[in-house]
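Student: So the chains spell out like this:
Number of protein chains: 2
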Amino acid sequence: VGGKTVSLSGMEPKLIRFTHDAPPLEVDQNGEFDAFQMYVQYVRLARPRFRTPLLLWHGGSLTGATWETTPDGRPGWQTFFLRRGYDVYVSDAVERGRSGWQRFPEIYPTEPVFRSKREAWELFRIAGSAFPAEAFDAMTKSIVPRWTSTDEYALDAYAALLERVRHAVVVAHSQGAAYALALAARAPERFAAVVAVEPSAVPAEAGSVPTLILWGENARAHSFWAPIVATSQAYHRSLQASGVDAAFEEMHNKSGPPNSHVPMMDRNSDAIAERIATWIERRLRERRRASPRRRVLADA
Amino acid sequence: VGGKTVSLSGMEPKLIRFTHDAPPLEVDQNGEFDAFQMYVQYVRLARPRFRTPLLLWHGGSLTGATWETTPDGRPGWQTFFLRRGYDVYVSDAVERGRSGWQRFPEIYPTEPVFRSKREAWELFRIAGSAFPAEAFDAMTKSIVPRWTSTDEYALDAYAALLERVRHAVVVAHSQGAAYALALAARAPERFAAVVAVEPSAVPAEAGSVPTLILWGENARAHSFWAPIVATSQAYHRSLQASGVDAAFEEMHNKSGPPNSHVPMMDRNSDAIAERIATWIERRLRERRRASPRRRVLADA
Chain A
24 VGGKTVSLSG MEPKLIRFTH DAPPLEVDQN GEFDAFQMYV QYVRLARPRF
74 RTPLLLWHGG SLTGATWETT PDGRPGWQTF FLRRGYDVYV SDAVERGRSG
124 WQRFPEIYPT EPVFRSKREA WELFRIAGSA FPAEAFDAMT KSIVPRWTST
174 DEYALDAYAA LLERVRHAVV VAHSQGAAYA LALAARAPER FAAVVAVEPS
224 AVPAEAGSVP TLILWGENAR AHSFWAPIVA TSQAYHRSLQ ASGVDAAFEE
274 MHNKSGPPNS HVPMMDRNSD AIAERIATWI ERRLRERRRA SPRRRVLADA
Chain B
24 VGGKTVSLSG MEPKLIRFTH DAPPLEVDQN GEFDAFQMYV QYVRLARPRF
74 RTPLLLWHGG SLTGATWETT PDGRPGWQTF FLRRGYDVYV SDAVERGRSG
124 WQRFPEIYPT EPVFRSKREA WELFRIAGSA FPAEAFDAMT KSIVPRWTST
174 DEYALDAYAA LLERVRHAVV VAHSQGAAYA LALAARAPER FAAVVAVEPS
224 AVPAEAGSVP TLILWGENAR AHSFWAPIVA TSQAYHRSLQ ASGVDAAFEE
274 MHNKSGPPNS HVPMMDRNSD AIAERIATWI ERRLRERRRA SPRRRVLADA
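Listed in order, the protein sequences are those of chains A and B. With the numbering used here applied, the first sequence covers 24 to 323. With the numbering used here applied, the second sequence covers 24 to 323.
Here chain A stands alone, though its shape is the one from the complex:
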């Protein structure tokens, strides 16, 4: 979905050997290339319980694989929400995973950033958390390079996805949650509700979409996350002041240590998803009550 064709010119041709069974091929590095498109995979149920599809948007340095299986091998939130009765769309943000990426500095102005295992351990607040630490290496294998100069491309592609599905619940994480809140403010008509799990940023404009913001209990104690928690709490207050149905909650792990930055991978991932589903479904019921002919909620 999304993307556009870009033209490159003025680069020297290169001789490249693609396979040992053929001579090197002179490759013209110039020409037309697709750029900024986004890969989206959907699973539609034969008998969905909810008419509104649910979109899962991953965080920085990760891909849609975030939602498939937890690093310790349990079913992820994709399966949770499918079993719950939603058609579920999983995407790889622009320049991540199956969306591909483009030349730098010719197309992206900056270099990519590579997240080390130590940085993931630190930024994802793994130590002493509900994250299954024995599966840390399985998680870091799912880390991919990312750029920090591609926000507008990513937003355009997510906007194109929302236009395609027309109307959705978006459950998003970290950088994906920053994109989701930004688009909920720009195009509220596309959203039934938005759930921002540890959003890495909040928009300047207040939206009108029902919004749930979730943070781990100890995010405030972390030097990188503390100011972002504070900004997102201020954003929540501004939503409430405008009369928007908005909630700001800490995630709690009744049976163990606090949640990490990646709660969809934590040991209590299903409990967090359950909390999110309950919150969403109350909003879907309210929409249905407000406009019964739309039958947003099919049979619940």
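Mixed in with the good hints, there may be bad ones.
Since the list gives no way to pick out one identical chain from another, each pair is judged satisfied if it fits inside one copy or across any two copies.
[To be verified] List time: in silico PhoX-like cross-link candidates among lysine-lysine, alpha-carbon distance up to 25 Å:
| id | residue 1 | residue 2 |
| --- | --- | --- |
| 1 | K27 | K140 |
| 2 | K37 | K140 |
| 3 | K140 | K277 |
| 4 | K277 | K37 |
Because the hints were derived from the structure by calculation, they are not lab data.
Once you have looked at the hints, place chain B on chain A.
Tutor: Frame of chain A; chain B shown alone:
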């Protein structure tokens, strides 16, 4: 699956702004990183017809998305083989898609190669073929960068996958087919059968695994593919000379123009998959007859 941890040192730290809600973060570019791992997604059936899983390995410049949906929106070979009764594994080769990629020249010795739309049109033999030309742009949006110096990393990860599943049918395309034939020769005990759709190379060693090699009817008329068709035909003859159950066939499109290099996307994609399935299932029946206690074929 697969991969190993690599350490980088001696690079200068960088100040990087990840989000407008937080100050720039000093990122130490050094440290430990996962490298050469491979993303694999499996769909297992509640009641598979075949005990042996089927692995789909994509070609160069593409990802596992190759197998999901054709560019013109029909179900792809992943769905075909699931409906046929196989557990199906779809992977993204090392440095493609969700497998992520690593720094160059620090980790990969060379630069990546970007396939232009014109090169795809030419190398994939789109003009006048069974490929749905109106969906060419949808296909080129699925193209990702690739390296030409990573064969051994890719082979190691595919070998790790085969070790994990123990025994499989592999249906592979182009570069993926070159990897599949190479591993069938190196580790024949892992293969029930291998199907090489337009393999971009063949190994030096002859294998012992039942092998089907498929080419489009006009591949011989194409300057890049002609010598590769000839080499793979010679490989087929060497397999036959060693008494291996091997077939070399041209794909035919009864109802229209010849197949392109990407027959899983062509208008007759289901007919080609049907031919492949029929060939595979004869081999599975023969294995079962040869060693009935293994019950390779559950109920066919």
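Student: Which of the stated hints cannot be reconciled with the structure, identified by number in ascending sequence?
Tutor: Failing hints, ascending: 3 and 4.
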